[in-house]
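Let the sequences and hints guide you as you build the complete structure.
Protein sequences appear in the order of chains A and B. Numbering of the first sequence is given in the working numbering, commencing with residue 1 and proceeding in unit increments. Numbering of the second sequence is given in the working numbering, commencing with residue 1001 and proceeding in unit increments.
Rather than coming from a laboratory, the hints here were simulated on the basis of the structure. A virtual CB, placed ideally from N, CA and C, is assigned to each residue, including glycine. Hints may be right or wrong, so weigh each one.
Said to hold, decoys possible - Sample of chain A residues with no beta-carbon within 10 Å of chain B, all distances over it, derived:
1) Tyr140
2) Glu263
3) Val285
4) Leu297
Stated by the list, open to error - Pairwise CB distance ranges, derived in the manner of DEER restraints:
5) Pro1058/B / Val335/A: 56 to 62 Å
6) Asp1262/B / Ala166/A: 17 to 23 Å
7) Val42/A / Phe1263/B: 40 to 46 Å
8) Pro1058/B / Pro171/A: 56 to 62 Å
To be verified - To give a feel for the contact side, a few chain B residues facing chain A, derived at Cβ under 8 Å:
9) Ile1092
10) Leu1094
11) Ala1099
12) Ser1220
13) Val1223
14) Val1227
15) Ala1255
16) Tyr1257
17) Leu1261
18) Val1264
19) Glu1266
20) Pro1269
21) Leu1280
22) Leu1286
23) Ala1289
24) Leu1291
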Amino acid sequence: MAVTQAPPGAPGDDRPEPEEPARRGTRRGGRGWAARGGAWAVLAFIVVVLPLLLPQFHAFRWSEAVILAIAALSLNVLIGHAGQISLGHQGFFGVGAFFAAYTVTVQGQSFWVGLLSGALTGAVASLLMGVVALRVRGLYLALVTLAYGRLAQETLFNLPMFGRGAGVEAPRPEILQTNRAFYLFCLLTLGLVLYLDWRFTSSKAGRAVSAARENEQVASSYGIPVARYKLLAFVLSGVFVGLAGTLYAFWNQRVDSQELDFELALFLVIATVVGGVRSRVGVVVFTTLFHLIPDYLSDTFGTSAPFYSLAAGAFLLVGILVFAPGGVGQIIRPVTRWMGGGPFSRGDDEGFVQEGVSGRP
Amino acid sequence: MDQLIATIVLGVFFGAPYALLALGIVLVYKGSRVFNFAQGEFGTVAASAAYFSHFWLPVPVAMVVGIATGVLMGLGVERFVARPLASAPKVILLVATAAVATGAIAMQLAVGGGPQLRTFEPLLSGNAFVVFNVAIEWQRVLVMLALAGLAALLYVFFSRTDLGLAVMAASQEPVATDLVGIGTRRMSSLVWGMAGLLGGVTGVLFAGLQPFTPGIVTQSLLVFAFVAAVVGGMTSLPGAVLGGIVLGLVQSFSASYLTRLDFVAENLPNVEWLAVFVLLVGVLALRPAGLLGKEA
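Spelled out as structure tokens, the structure:
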């Protein structure tokens, strides 16, 4: 009598052959490459080529959408990766914009210096908020950021160096004069931000920040210097939002505090949370749609349309929070997986599905 | 000396609306540990309802209609937002109430045809008294009276009545409260309804102070009310009143005295905001529980 059993399927065994585990198109570049390639081509056409063919006016509008998407990605770094909250993000956006405009107009520097200074200003302002965030947690931090946003709008944006309330001009450089050229530049910046965000999350720093988000005490018991990584997240977020603000300044060719209000901060929060925290694609897709759809609707349906869509966005947010915490990113996950070469399914190998804002299933 | 008294009086009376709104915020916090961002909109919606009904109802009745709308909104938010998200992290609830506020503002804008300024007749017009060149309108006195009355009522409710005790129990130990037969859901509705009432009173009275537009209570009062609540202590109703007054005084003193400094007048527009921000961060850094609160 054999002590060990023969493996299933071997000659000495009369159990049925085990079934082959189903392989579900996990091969990249295998079947379906034509369809995927086609989908990517269509996407590239819509995003890159179409605005160049349509009247300049559309490129102008789409640039703003891209700028807001970058700002939403920066908020995503705070809310999604670091688990912090900012209800005053328009404050950082604005100081980046104002300082960049100031550098170019008042100090007479070039556009590129302005770009750099805007990003740096955003980083510094965000770092200062990060220092506050070390002491003040959760709901109270939300309140501080809210107060900061208002402070920025009432005081910081009206400083003498920023025009005392009259705003600052921000002329575009020669090569970015046309709206189409500027749109492409915004796209490039978005690509850069997406790349940097991706590199960050896959780096050791990104993992440390995620660990700190999940449970600070456990993370620090593993030797992670939580405070330092929290500040790093704030700085990264600040760089992104400073860039976005700078682009905004040059997009509009002037900055003034009117548009940089609490509504903008709320827009960004809605965009980030409904887009899906930690889902770069979801955030970008939803932000651009959330911005463009009301604009185009009001062309057709009149000036009340943006109010209705803001209301819809707000209700969407509540609905998402209650029913689908992973947001748009979770909902379109099958599409994004498929386009990346994987199967067209929700999949739960990354624990992404049920996490949502809280970072916990 | 004259200026000092005028500044103090102004500060106290201007702080009253903040305190009134802060009462609602603290109430919701005590009842559900949530920062209710929609508290301001309870007010504006109530004001809008009062405004639209005052065309065919006498003003006092229109005000009651407005307050009732505030209560309804409070109950609605409880049922559709607070309850489904009851077990979610509190930050989510904060974002959700902020979304409610945005939605309410957007709906008002949509239905009202844009950011129109509207004036609502105050219940009593004219000035109650003048203190050293500072006029205090009757409506402001009314706000003060409403504040005092409602604060006193709430205090008695929570410290002396059984129902108040039940509400506190439901917020602190929901499971045990359910076990002894007190309906925690009913308590939750009660709390939010009361918050809606407080917000409604604030909005309806505030509308009589200055022309109002969609979102005005949220824009002008809410941040201050939150700071007032934090300064006074998020779990303390008397703290909310105190915090509101303190905030009013801080604003009034910075507007009167700080702007006298050349440096400030030249370089820091709207320095009251800076003072408020410093106050907020200071309180959170040095005494997170607030002046009268018992927990951080």
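Hints, one by one, checked against the model:
{"no.": "1", "hint": "Tyr140", "verdict": "6 Å, violated"}
{"no.": "2", "hint": "Glu263", "verdict": "8 Å, violated"}
{"no.": "3", "hint": "Val285", "verdict": "19 Å, holds"}
{"no.": "4", "hint": "Leu297", "verdict": "12 Å, holds"}
{"no.": "5", "hint": "Pro1058/B / Val335/A: 56 to 62 Å", "verdict": "58 Å, holds"}
{"no.": "6", "hint": "Asp1262/B / Ala166/A: 17 to 23 Å", "verdict": "21 Å, holds"}
{"no.": "7", "hint": "Val42/A / Phe1263/B: 40 to 46 Å", "verdict": "59 Å, violated"}
{"no.": "8", "hint": "Pro1058/B / Pro171/A: 56 to 62 Å", "verdict": "58 Å, holds"}
{"no.": "9", "hint": "Ile1092", "verdict": "6 Å, holds"}
{"no.": "10", "hint": "Leu1094", "verdict": "6 Å, holds"}
{"no.": "11", "hint": "Ala1099", "verdict": "4 Å, holds"}
{"no.": "12", "hint": "Ser1220", "verdict": "10 Å, violated"}
{"no.": "13", "hint": "Val1223", "verdict": "5 Å, holds"}
{"no.": "14", "hint": "Val1227", "verdict": "7 Å, holds"}
{"no.": "15", "hint": "Ala1255", "verdict": "13 Å, violated"}
{"no.": "16", "hint": "Tyr1257", "verdict": "17 Å, violated"}
{"no.": "17", "hint": "Leu1261", "verdict": "15 Å, violated"}
{"no.": "18", "hint": "Val1264", "verdict": "11 Å, violated"}
{"no.": "19", "hint": "Glu1266", "verdict": "7 Å, holds"}
{"no.": "20", "hint": "Pro1269", "verdict": "4 Å, holds"}
{"no.": "21", "hint": "Leu1280", "verdict": "5 Å, holds"}
{"no.": "22", "hint": "Leu1286", "verdict": "10 Å, violated"}
{"no.": "23", "hint": "Ala1289", "verdict": "11 Å, violated"}
{"no.": "24", "hint": "Leu1291", "verdict": "15 Å, violated"}
Violation of the numbered hints given earlier is confined to hints 1, 2, 7, 12, 15, 16, 17, 18, 22, 23 and 24; the remaining hints are satisfied by the structure.
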